[in-house]
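Based on the sequences and whatever the hints tell you, model everything.
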Amino acid sequence: MTRVSKRSLPAGRRVITVSDIHGNLPYLRGLLAKLGFSDGDMLIVDGDFLEKGTQSLDTLRFIMRLCEKGVCWVVRGNCDGWHQILGGNMDGFIMDYMLRRPDCVLRQMCRSQGLEVDAGTPLETVKSLLRAHFADEMDFLASLPIAIDTEEHTFVHGGISSRDMLEREPWRCMKNDDFLGQGLSFDKWQIVGHWPVALYREDICCSEPIILPERHIASIDGGCVLMDDGQLNALIIEPGCEGFAAEHYDGFPVMRALDAQSASERSFYIRWNDSAVEPLSESGGFTRCRHVRTGYVMDVPSERVRPDGRGGFTASDCTDYRLPVAPGDALSVVYSTDRWHFCKKNGVSGWYSGRLAPLGE
1 MTRVSKRSLP AGRRVITVSD IHGNLPYLRG LLAKLGFSDG DMLIVDGDFL EKGTQSLDTL
61 RFIMRLCEKG VCWVVRGNCD GWHQILGGNM DGFIMDYMLR RPDCVLRQMC RSQGLEVDAG
121 TPLETVKSLL RAHFADEMDF LASLPIAIDT EEHTFVHGGI SSRDMLEREP WRCMKNDDFL
181 GQGLSFDKWQ IVGHWPVALY REDICCSEPI ILPERHIASI DGGCVLMDDG QLNALIIEPG
241 CEGFAAEHYD GFPVMRALDA QSASERSFYI RWNDSAVEPL SESGGFTRCR HVRTGYVMDV
301 PSERVRPDGR GGFTASDCTD YRLPVAPGDA LSVVYSTDRW HFCKKNGVSG WYSGRLAPLG
361 E
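Residue 79 in this note's numbering is what sits at position 79 of the sequence shown, and the numbering runs on without skipping anything.
FYI, nobody ran anything at the bench for these hints, they're computed from the structure.
In this text the structure is predicted, and so the values were computed from the model without any measurement.
For glycine and all other residues, C-beta sits at the position ideal for the given N, C-alpha and C.
Each hint can be trusted.
Quick list of in silico lysine-lysine cross-link-like pairs, DSBU-like style, CA-CA up to 30 Å:
#1 K52 / K345
#2 K52 / K34
#3 K69 / K6
#4 K175 / K6
#5 K127 / K175
#6 K52 / K175
Simulated restraints, written as ranges between beta carbons of each label pair:
#7 K34 / E152: 22 to 28 Å
#8 K34 / V297: 35 to 41 Å
#9 K345 / E242: 23 to 29 Å
#10 E303 / S162: 40 to 46 Å
#11 R256 / K69: 36 to 42 Å
#12 R101 / R215: 34 to 40 Å
#13 G240 / Y200: 28 to 34 Å
#14 R215 / G12: 24 to 30 Å
Structural data, given as structure tokens:
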């Protein structure tokens with residue numbers, strides 16, 4: 001297995017990097033269409049293009065076709081190593097995983113061949129089917145490097161703390177939680193995904209890429225599939241230009257704001273890795289909750305307050321932030337309640353209490 005692929009970025013071509021597609025092929029297609037992606041560009045997929053979403057197999061084959069055309073390079077993420085099932089070193093948990101995740105790529109593969117996996121399905125039956133019908137896909141996954149290393153950039157899914165980490169700890173290079181929180185800096189750019197960028201703030205929910213020139217790190221996971229308001233981000237290197245441009249796609253309907261609204265002076269974002277709450281009261285489809293760690297009190301949609309299985313409650317991915325809005329602003333509407341609209345503006349999620357109209361009106 002090649003741990004690191006040494007390459008040079010193609011001269012004169014726009015380079016577009018995405019990560020954490022997670023089987024959401026409509027978002028990938030939508031983003032590439034929005035960018036006007038063509039055979040004159042290069043796409044780098046920085047890991048985790050599989051799992052979580054419902055179209056992992058189609059996403060895998062779409063990316064394979066781009067690679068065959070010579071317009072795509074791919075890095076392996078922690079969700080992409082399913083070729084290892086054929087080697088026998090994943091037998092301990094693979095059936096349990098498939099039974100818990102009906103849309104995982106292995107079950108999608110089996111389902112496409114008429115096999116619906118259940119508790120009575122022998123693992124060897126699954127392996128035989130994969131060998132017979134998905135040899136090309138498994139070979140492709142096995143060929144993926146842990147990192148793509150160029151003169152000025154290292155594209156690695158989770159992040160590295162040192163150059164030899166790619167050889168010593170390949171798994172941690174793919175699954176390296178809270179990479180920005182480790183305080184690292186580099187001589188050349190590290191382009192990473194894996195950790196949704198929204199988790200790096202607790203005042204607001206912002207899914208735009210985090211670009212840190214002083215540390216030479218760009219973190220680009222927009223929470224696609226994992227968050228209801230998540231997006232698929234693109235980091236763009238234009239020929240002859242320094243730095244990066246960014247774009248995103250989220251697929252939500254866009255409406256025009258009719259009323260002004262000021263931003264919240266104080267707000268909080270309950271992230272999934274810090275989501276314990278104490279419900280206080282319920283009214284009109286919202287539950288007033290106290291965030292356990294901080295004591296912050298806020299109203300959240302009642303359907304988002306769930307038992308944690310240990311006698312407590314969680315309210316993951318919730319905020320009370322009110323977006324700054326001017327009449328005529330375009331807002332992506334994630335969902336609406338009887339009280340407010342939950343919207344996105346420039347990658348930031350929050351509430352809008354004003355009126356909305358279709359863009360053309």
